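K.L.:
Given chain A, put chain B in place with the hints provided.
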Amino acid sequence: MDVWDVIVVGAGAAGLAAARHARQQGASVLVINKGLVGRTGATITSGGGVSVAGSTLAALGLDGDPSDTEEVFIRDMLKSGYWLCDQRLVESIVTGIGEELRFLMQRGVKPRLSKRAPGHSSGRGVGIPGPDMQKAMTTAALQSGAKFREDFFCTGLLQHDGAVVGVAGLDRRLGEAEAISARAVVIATGGTTSNWRLRTAPEELTGDGHAMALNAGAELIEMEMLQFLPCCLVAPEIWRGIQFPWTIGPQAGVRAWLLNKYGERFLARWDPERMELATRDVVSAASAAEVYEGRGSPNGGVYLSWAHLPRDIIDNFQSWAKGYKDWRYQGFDMNPLVERIRAGYAIEVAPAAHFSLGGIRVDVEGSTGVPGLYACGEATGGVHGGNRLSGNAGAQILVQGRQAGLAAARAAQSNQAGAPAQNWDILKDEIEAPFRREQGTAPLEVKQRLTAIAEEALGPVRTGKAMTAALEEVRTIRHTTLSQLASRNRDPRYNRDWSDALECAAGAPILEAALISAIGRAGSIGAHQRRDLTGIKARLEHSIVRQDDGELSWRAQPVEFPLFAPAA
Amino acid sequence: MRIHIRLGRDTGSEVIAYDLPSPKEAGISAASWEGASVSTALQYLQRAVDPGLGYVLSCRRGLCNICAAKIDGKVQTACTTPLHDGILIEPARDTLILRDTVVELSLVRKARIGANGAENSKSHAIAASRT
Chain A
0 MDVWDVIVVG
10 AGAAGLAAAR
20 HARQQGASVL
30 VINKGLVGRT
40 GATITSGGGV
50 SVAGSTLAAL
60 GLDGDPSDTE
70 EVFIRDMLKS
80 GYWLCDQRLV
90 ESIVTGIGEE
100 LRFLMQRGVK
110 PRLSKRAPGH
120 SSGRGVGIPG
130 PDMQKAMTTA
140 ALQSGAKFRE
150 DFFCTGLLQH
160 DGAVVGVAGL
170 DRRLGEAEAI
180 SARAVVIATG
190 GTTSNWRLRT
200 APEELTGDGH
210 AMALNAGAEL
220 IEMEMLQFLP
230 CCLVAPEIWR
240 GIQFPWTIGP
250 QAGVRAWLLN
260 KYGERFLARW
270 DPERMELATR
280 DVVSAASAAE
290 VYEGRGSPNG
300 GVYLSWAHLP
310 RDIIDNFQSW
320 AKGYKDWRYQ
330 GFDMNPLVER
340 IRAGYAIEVA
350 PAAHFSLGGI
360 RVDVEGSTGV
370 PGLYACGEAT
380 GGVHGGNRLS
390 GNAGAQILVQ
400 GRQAGLAAAR
410 AAQSNQAGAP
420 AQNWDILKDE
430 IEAPFRREQG
440 TAPLEVKQRL
450 TAIAEEALGP
460 VRTGKAMTAA
470 LEEVRTIRHT
480 TLSQLASRNR
490 DPRYNRDWSD
500 ALECAAGAPI
510 LEAALISAIG
520 RAGSIGAHQR
530 RDLTGIKARL
540 EHSIVRQDDG
550 ELSWRAQPVE
560 FPLFAPAA
Chain B
0 MRIHIRLGRD
10 TGSEVIAYDL
20 PSPKEAGISA
30 ASWEGASVST
40 ALQYLQRAVD
50 PGLGYVLSCR
60 RGLCNICAAK
70 IDGKVQTACT
80 TPLHDGILIE
90 PARDTLILRD
100 TVVELSLVRK
110 ARIGANGAEN
120 SKSHAIAASR
130 T
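Order-wise, the sequence lines are chains A and B.
Each residue of the first sequence is one higher than the one before, counting from 0 in numbering that gives the first Met the number 0.
Each residue of the second sequence is one higher than the one before, counting from 0 in numbering that gives the first Met the number 0.
Quick caveat, the hints were computed from the structure, so don't treat them as lab data.
Quick caveat: nothing in here was measured; it's all calculated off a predicted structure.
Beta carbons: idealized from backbone N, C-alpha and C, even for Gly.
Pulled from the structure, derived: some chain A residues nowhere near chain B, Cβ distances all over 10 Å:
hint, residue
1, Q23
2, R254
3, R264
4, E292
5, Q438
Below are the DSS-like pairs computed for lysine-lysine, each with C-alpha atoms no more than 25 Å apart in a straight line:
hint, chain 1, residue 1, chain 2, residue 2
6, A, K324, B, K73
7, A, K109, A, K321
8, A, K536, A, K78
9, A, K446, A, K464
10, B, K109, A, K134
11, A, K464, A, K536
12, A, K324, A, K109
13, A, K109, A, K134
14, B, K23, A, K446
Just chain A, with the same shape it has in the complex (with noise of 0.2 Å):
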């Protein structure tokens, strides 16, 4: 295939949606994933929740509340989101997900029913382990007739007059650089929080397809908002980033407590009604300042106590909450820290990078923009504005990947041209630059140190101070580390040094986007705490990033409210 008609960077379930969409409507397409498909990227580890309105369940002839309307779900999300969210994206989500659902459920996925989650106002979590819904959707790929190429990271896109045309990237395997031609690129590379320490997020997120958009002319929104997901394991190293303290305790409506070194439930300063109860974004800012003020355990986290409740509690809990049969959670087996929790203990937890609310900048058909260029999932921001409710993720990436692979496949049926690429010498010096160059840095050392940087500056607490100190070192690492970043190892084939090199190159922007955004809405909205300026409210504004001769620039655009507005 000389030009594919859709290319599809990453297969998760968002890219895969794209790539099944797009055949369906006779485009050729190839799906490109820098690691395994069916097996990298984060919709595995997706907790497996999938919002839907209560009318929308109820048509589908599933028990849903037929009074929670999509105007309620839609209302829900708004306000749940501080009112920043895309007005327009959020309603395409919600009068979208009953027909992927439906998909879904014809191939033999069983949706299991959940109550009412927090921020929800009607139970409308469909519950699909993220592994099933993984297997679904790479199945149902293959069987549409796409093609696949794996081990390939996707660096750059090729462009002919600013129209996208392709992409260039490395084959891990050969160690070789290649360009691939296309009519219409699909960026589904999910979010950026493998740039972060402390994550629940899989290795490979490091924002490839973010940092290639933004080179692309494409622009980023809502970049400082991170979504966290509290009480995650900090200890022992093998289990960092682990959610299962949260999964048996508040999320699980179980009255756990959250004590800082004290002893204090400090929830009672921020949220004294709902407690540990809270949402998210509130669970996830009141532990980390615990810890910002000195208040912390020993591993840098606030402890998650069940110490009070009778012991049958716990005991008990396996035999009303599905899934925790022998204490297995996901690959683990935490009968070790049932022990403790048993014998009294409380467990450190702390918040972790868990979920991009901002990204690519899209409308409803994902389109960025650019001419040829779409983006779909987790990839993109605007949906969630300031805080994401749980489940939304998954409606999100269904909805928005079969948007992106629609538009895609009309894009590469009015492009038949198959322009050539003008930057193709460019893309491949950048991406042979890091294994031609014999002396330098170790490219890990930088890479860990990227994410050591989010952790300080743009965790659940923020300050002025440390944003612009990070802001400075990381326009350092970009402008000049990069250039040095060497590969030790003089064998093409899966060298970690060279792809973590070039994943260096994709997170030093990307947190660069994240740190001007973050400095630039000055005030605290959302999963955007300042702590030196609380109280102080930031403006209904979206942040936008966009690159100009490889500078990044911010700006504010106040928000529109196309269907509901703010109550004055």
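P.N.:
Positioned in the frame of chain A, the structure of chain B alone reads:
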């Protein structure tokens, strides 16, 4: 802590022993290596000892299985298996070796495109004959 690794390389695949320095010296945020995974040890060795060491890692929680290796004779995910003194780490299956600890675990091999558009890309496994 001493660990043993048998890597699948073109040059051969004998067992190599590594003595790990203390986690603190190694820059690992663990109180002891026993609280860290096989994946963390591989990551450390690539960073500090053998830059050419091939390994893969994604979900870090035993779901995606790409880090599968034969550990003490049993195939399991490296990310969820804690280290212990004397541990033996080998490729999950020798006929699937791509490089070092990396093995072919593609789920879409029949629909895969190779370099420069070649249909049905062949596995680049190097060691089908090796046992």
